[in-house]
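Heads up: the sequence shown at position 155 corresponds to 155 in full-length UniProt numbering, and the numbers run straight through without jumps.
It is worth saying that the hints were derived from the structure and are not from the lab.
Each hint should be verified, as a subset may be incorrect.
[Stated by the list, open to error] Under the rule of at most 25 Å between Cα atoms (straight-line distance), these lysine to any residue pairs were calculated in the SDA-like manner:
hint, residue 1, residue 2
1, K19, K103
2, K103, F67
3, K19, N140
4, K93, P81
5, K39, E71
6, K103, D65
7, K103, H130
8, K19, D124
9, K93, A64
10, K103, E129
11, K99, E71
12, K19, V180
13, K19, G52
14, K93, L104
15, K39, S62
[Claimed, not checked] Pairwise CB distance ranges, derived in the manner of DEER restraints:
hint, residue 1, residue 2, range
16, S49, E22, 23 to 33 Å
17, L126, A185, 29 to 39 Å
18, S155, T97, 34 to 44 Å
19, F67, S184, 24 to 34 Å
20, V172, P81, 36 to 46 Å
21, T36, A165, 14 to 24 Å
22, Q158, K99, 38 to 48 Å
23, D98, L48, 18 to 28 Å
24, T63, K93, 15 to 25 Å
25, N140, V180, 13 to 23 Å
26, A79, A165, 35 to 45 Å
27, H130, D54, 37 to 47 Å
28, P81, G152, 34 to 44 Å
29, T97, Q35, 35 to 45 Å
As the structure is a computational prediction, the values presented were derived from the model and not from experiment.
Note that CB positions come from ideal geometry on N, CA and C, so glycine has one too.
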Amino acid sequence: MAQDEFPGWHGTTIIGVKKAGEVVIAGDGQVSLGQTVIKGTARKVRRLSPGGFDVVAGFAGSTADAFTLLERLEAKLEATPGQLARASVELAKDWRTDKYLQKLEAMLIVTDGNDLLVITGAGDVLEPEHNVAAIGSGGNYALAAARGMMDGDRSAEQVARDAMAIAADICVYTNGNLTVESISA
Numbered sequence: 001m002a003q004d005e006f007p008g009w010h011g012t013t014i015i016g017v018k019k020a021g022e023v024v025i026a027g028d029g030q031v032s033l034g035q036t037v038i039k040g041t042a043r044k045v046r047r048l049s050p051g052g053f054d055v056v057a058g059f060a061g062s063t064a065d066a067f068t069l070l071e072r073l074e075a076k077l078e079a080t081p082g083q084l085a086r087a088s089v090e091l092a093k094d095w096r097t098d099k100y101l102q103k104l105e106a107m108l109i110v111t112d113g114n115d116l117l118v119i120t121g122a123g124d125v126l127e128p129e130h131n132v133a134a135i136g137s138g139g140n141y142a143l144a145a146a147r148g149m150m151d152g153d154r155s156a157e158q159v160a161r162d163a164m165a166i167a168a169d170i171c172v173y174t175n176g177n178l179t180v181e182s183i184s185a
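Take the sequences, apply the hints, and build the full model.
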């Protein structure tokens with residue numbers, strides 16, 4: 001099989017929901033190669049604790065690339081303790097300008113319980129409107145579902161779980177096997 005014929009890895013949906021002093025990041029567990037599910041229990045949401053400062057991060061894209069970015073983010077957080085936004089901007093600057101990092105194919109959603117940010121390889125650090133962020137193949141489905149639920153009585157975790165269930169029903173690269181991490185301000 002030629003390199004350009006390789007079916008490629010697909011998948012994942014990650015959502016971050018900020019509501020009533022709580023931030024939840026949830027991600028599904030599916031990893032697909034072409035039309036085949038390779039693994040259904042991958043863990044794409046992690047808790048980081050650089051220097052005793054808790055951060056929750058979720059990633060979509062290449063796993064190896066995402067782990068490289070998470071390691072870099074931890075180093076930036078150790079250099080700027082308690083300053084998630086600053087560490088995220090520093091990571092995005094490196095990601096955008098470093099020739100090695102430019103090749104990485106992943107996106108991150110990160111939170112410290114106060115800020116909810118999306119970090120992209122284009123050098124963007126985005127604070128989402130409406131306190132909901134979503135990335136990955138089912139991200140737009142989860143985002144739309146969550147935004148529709150934000151005004152109700154559901155907690156941040158309930159919104160995230162329900163939005164992910166809707167995304168899993170629509171996106172073939174997303175399953176219902178969730179990893180959910182919450183953090184308070």
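Verification of the hints:
Restraint check for K19 and K103: the C-alpha separation of about 34 Å exceeds 25 Å, so the hint is violated. Using a Cα cut-off of 25 Å, the hinted pair K103 and F67 holds, with the two alpha carbons roughly 14 Å apart. Distance restraint check for K19 and N140: the Cα-Cα separation of roughly 19 Å lies within the 25 Å cut-off, and the hinted pair is therefore satisfied. Simply put, K93 and P81 have alpha-carbon atoms about 18 Å apart, close enough for the 25 Å limit, and the pair holds.
A distance of roughly 23 Å separates the Cα atoms of K39 and E71; the hinted pair therefore holds under the 25 Å criterion. With a CA separation close to 9 Å, the supplied pair K103 and D65 stays within the 25 Å bound. Distance check on the hinted pair: K103 and H130 sit about 31 Å apart at the alpha-carbon level, beyond 25 Å; violated. At roughly 23 Å between alpha-carbon atoms, K19 and D124 fall within 25 Å of each other, so this suggested pair holds.
Restraint check for K93 and A64: the C-alpha separation of about 20 Å stays at or below 25 Å, so the hint holds. For the hint linking K103 to E129, the alpha-carbon distance of about 28 Å lies beyond 25 Å, and the restraint is violated. Only pairs whose Cα atoms come within 25 Å are accepted, and K99 paired with E71 is accepted, the gap being roughly 17 Å. In summary, the hint linking K19 to V180 is supported, as the alpha carbons are separated by about 15 Å, within the 25 Å threshold.
This hinted pair checks out: K19 and G52 have alpha carbons roughly 24 Å apart, not beyond 25 Å. For the proposed pair K93 and L104, the alpha carbon gap of about 14 Å is at most 25 Å, so the pair holds. The straight-line distance between the Cα atoms of K39 and S62 is roughly 14 Å, inside the 25 Å bound, and the hint therefore holds. For the pair S49 and E22, the supplied restraint of 23 to 33 Å is violated, since their beta-carbon distance comes to about 18 Å.
A C-beta distance of roughly 19 Å is found between L126 and A185, which places it outside the suggested range of 29 to 39 Å. One distance hint, 34 to 44 Å for the beta-carbon pair S155 and T97, holds here, with the actual separation near 40 Å. As the Cβ distance of F67 to S184 is approximately 26 Å, the hint placing it in 24 to 34 Å holds. One distance hint, 36 to 46 Å for the beta-carbon pair V172 and P81, holds here, with the actual separation near 41 Å.
Distance hint check: the CB atoms of T36 and A165 are about 23 Å apart, consistent with the given range 14 to 24 Å. Against the hinted window of 38 to 48 Å, the Cβ-Cβ separation of Q158 and K99 comes to about 43 Å, which satisfies the hint. In this structure the supplied range 18 to 28 Å holds for D98 paired with L48, their Cβ-Cβ distance being about 21 Å. Checked against the hint of 15 to 25 Å, the pair T63 and K93 passes, with Cβ atoms roughly 23 Å apart.
At about 20 Å, the CB distance of N140 to V180 agrees with the hint of 13 to 23 Å. The hinted range of 35 to 45 Å is satisfied by A79 and A165, whose Cβ atoms lie roughly 38 Å apart. The given range of 37 to 47 Å is broken by H130 and D54, whose C-beta atoms sit roughly 24 Å from each other. The hinted window of 34 to 44 Å between P81 and G152 holds, with their beta carbons roughly 36 Å apart.
For T97 and Q35, the Cβ-Cβ distance of about 37 Å falls inside the hinted range of 35 to 45 Å, so the restraint holds.
In this structure, the earlier hints numbered 1, 7, 10, 16, 17 and 27 are contradicted, and the remaining ones agree with it.
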